[in-house]
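Enquirer: Here is what each chain is made of, one letter per residue.
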Amino acid sequence: MPGDKTLEFETHRPALLKFAMLQLRNQAQAEDAVQETLIAAIQGAKNFGGKSSVRTWLVGILKHKIVDLIRRSSREQPLDLQDAETSLEDFDVLYKEDGHYVSMPAEWGDPEKALSQRKFFETLERCLQGLPKNTARVFMMREVLGIETGEICKELAITATNCWVLLYRARMGLRVCLEERWFSTDA
Amino acid sequence: MRLTCKDAGRLISEGLDRKLSLPQRAALRLHLAFCDACTRVNAQFRFMRRAAARYPGPDRDGES
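In order, the protein sequences belong to chains W and G.
Note that our numbering has the first sequence beginning at 924, numbered continuously upward.
Note that our numbering has the second sequence beginning at 392, numbered continuously upward.
Hints listed in this document are in silico derivations from the structure and should not be mistaken for laboratory results.
Predicted model, so just to flag it, every value in this text is computed and none were measured.
Quick reminder that beta carbons are idealized off the backbone N, C-alpha and C, glycines included.
Wrong hints could be hidden among the right ones.
Below 30 Å or equal to it, Euclidean Cα-Cα: the simulated DSS-like pairs (lysine-lysine) are [unchecked claim]:
| id | chain 1 | residue 1 | chain 2 | residue 2 |
| --- | --- | --- | --- | --- |
| 1 | W | K986 | W | K928 |
| 2 | W | K974 | G | K410 |
| 3 | W | K974 | W | K928 |
| 4 | W | K941 | W | K928 |
| 5 | W | K1056 | W | K974 |
| 6 | W | K1042 | W | K941 |
| 7 | W | K941 | W | K969 |
| 8 | W | K1036 | W | K974 |
| 9 | W | K988 | G | K397 |
| 10 | W | K988 | W | K928 |
| 11 | W | K928 | W | K1056 |
| 12 | W | K1077 | G | K397 |
| 13 | G | K410 | W | K1056 |
| 14 | W | K941 | W | K1056 |
| 15 | W | K974 | W | K986 |
| 16 | W | K1056 | W | K969 |
| 17 | G | K397 | W | K1019 |
| 18 | W | K986 | W | K1019 |
| 19 | W | K941 | W | K986 |
| 20 | W | K1042 | W | K1019 |
| 21 | W | K941 | W | K1019 |
| 22 | W | K941 | W | K988 |
| 23 | W | K1056 | W | K988 |
| 24 | G | K410 | W | K986 |
| 25 | W | K1042 | G | K410 |
| 26 | W | K1056 | G | K397 |
| 27 | G | K410 | W | K1077 |
Covered, in the sense of this in silico footprint (three residues per stretch, anywhere, with C-beta under 8 Å from a C-beta of chain W), are these stretches of chain G [said to hold, decoys possible]:
| id | region |
| --- | --- |
| 28 | 397 to 407 |
| 29 | 413 to 425 |
| 30 | 444 to 450 |
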């Protein structure tokens, strides 16, 4: 019955809204994206194959809606880049003078099993929130939404080099954070 | 071109976002062949890509 599905989808609204807010950082846009997602889901409910969870399916639709919105509002929100976010000097503390790591990156064991654990993604989210704003934004556009680097540079009006530096900063930051907060305790 | 771990880390990351030049790829491969630290970083960056693609993850443990 379509009514049942509508109700079931509706229970995911808060989680979807949170996801959209993290990507868009704009309440009105986030609400629009979620609304469009739920409408599309109800219309396309018969296409839901049940291979993934309902939430995973809904998030998949939402990602497309968010990418559309980012494209439509391109140039309206150029990135306000601070020098600190494009410099790499603060990372020098990770390395010795000869360029080797001060502390050996840890062996993460079998990280794949983390992917089925809710708590892991909560940790990932906290680590993302700990990154500088633009760094997190570019990382999520690239890795969560899967947008190509060339397009990210264009949408945010930044150079390719700055884009790569931001992504590198994000990955290094997340690596250190996950190692501290997840892989040293759980694995 | 001889890479330090610092250089290698940047190339590992950039290699996820663009095609590296042939000399860059060769230098990185050589570095990784001898460096356990960067081999770990390489695996970790790739794992983080898979994790981010699945974000926000399962709504119950054990689901995909």
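Enquirer: Decide, hint by hint, whether the structure agrees.
Expert: Outcome of the hint check:
Distance restraint check for K986(W) and K928(W): the Cα-Cα separation of roughly 20 Å lies within the 30 Å cut-off, and the hinted pair is therefore satisfied. For the hint linking K974(W) to K410(G), the alpha-carbon distance of about 33 Å lies beyond 30 Å, and the restraint is violated. Our distance criterion of 30 Å between C-alpha atoms is met by K974(W) and K928(W), whose separation comes to about 16 Å. The suggested pairing of K941(W) with K928(W) holds, with an alpha-carbon distance near 21 Å, which does not exceed 30 Å.
About 34 Å separates the Cα atoms of K1056(W) and K974(W), which puts this hinted pair outside 30 Å; it is violated. Distance restraint check for K1042(W) and K941(W): the Cα-Cα separation of roughly 16 Å lies within the 30 Å cut-off, and the hinted pair is therefore satisfied. This hinted pair checks out: K941(W) and K969(W) have alpha carbons roughly 26 Å apart, not beyond 30 Å. For the hint linking K1036(W) to K974(W), the alpha-carbon distance of about 19 Å falls within 30 Å, and the restraint holds.
Pair hint K988(W) plus K397(G) does not hold up; C-alpha atoms about 38 Å apart against a cutoff of 30 Å. About 20 Å separates the Cα atoms of K988(W) and K928(W), which keeps this hinted pair within 30 Å; it holds. Straight-line distance between C-alpha atoms of K928(W) and K1056(W) comes to about 36 Å, which puts the hinted pair past the 30 Å bound. Under the criterion of a C-alpha separation no larger than 30 Å, the hint pairing K1077(W) with K397(G) is consistent with the structure, at around 28 Å.
Proposed proximity of K410(G) and K1056(W) is supported: the alpha carbons are some 27 Å apart, at most 30 Å. Restraint check: the Cα-Cα separation between K941(W) and K1056(W) comes to about 16 Å, which is no more than 30 Å; the hinted pair holds. Between K974(W) and K986(W) the CA atoms are separated by roughly 18 Å; this keeps the pair inside 30 Å, and the hint holds. Among the hinted pairs, K1056(W) with K969(W) is inconsistent with the structure: their alpha-carbon atoms are about 38 Å apart, more than 30 Å.
Simply put, K397(G) and K1019(W) have alpha-carbon atoms about 9 Å apart, close enough for the 30 Å limit, and the pair holds. A C-alpha spacing of about 41 Å is found between K986(W) and K1019(W), which places the hinted pair above 30 Å, so the restraint is violated. Proposed proximity of K941(W) and K986(W) is supported: the alpha carbons are some 13 Å apart, at most 30 Å. Taking the CA atoms of K1042(W) and K1019(W), the gap is about 34 Å. The hint is violated against a cut of 30 Å.
Our distance criterion of 30 Å between C-alpha atoms is broken by K941(W) and K1019(W), whose separation comes to about 40 Å. For the hint linking K941(W) to K988(W), the alpha-carbon distance of about 14 Å falls within 30 Å, and the restraint holds. At most 30 Å may separate the alpha-carbon atoms for a hinted pair to count; K1056(W) and K988(W) meet this at roughly 22 Å. Between K410(G) and K986(W) the alpha-carbon distance is near 25 Å, which keeps this suggested pair within the 30 Å criterion.
The suggested pairing of K1042(W) with K410(G) is violated, with an alpha-carbon distance near 34 Å, which exceeds 30 Å. Restraint check: the Cα-Cα separation between K1056(W) and K397(G) comes to about 24 Å, which is no more than 30 Å; the hinted pair holds. Restraint check for K410(G) and K1077(W): the C-alpha separation of about 18 Å stays at or below 30 Å, so the hint holds. Here's how the region 397 to 407 of chain G fares: 7 of its residues keep a CB closer than 8 Å to some CB of chain W, so the rule of at least three is met and the hint holds.
Given a C-beta distance limit of less than 8 Å, the hint that chain W covers the region 413 to 425 of chain G is violated, as 0 residues qualify and 3 are needed. Given as covered by chain W, the region 444 to 450 of chain G passes the check, having 7 residues with a CB less than 8 Å from a CB of that chain where 3 are the minimum.
Checked against the numbered hints above, the structure breaks hints 2, 5, 9, 11, 16, 18, 20, 21, 25 and 29 and satisfies the rest.
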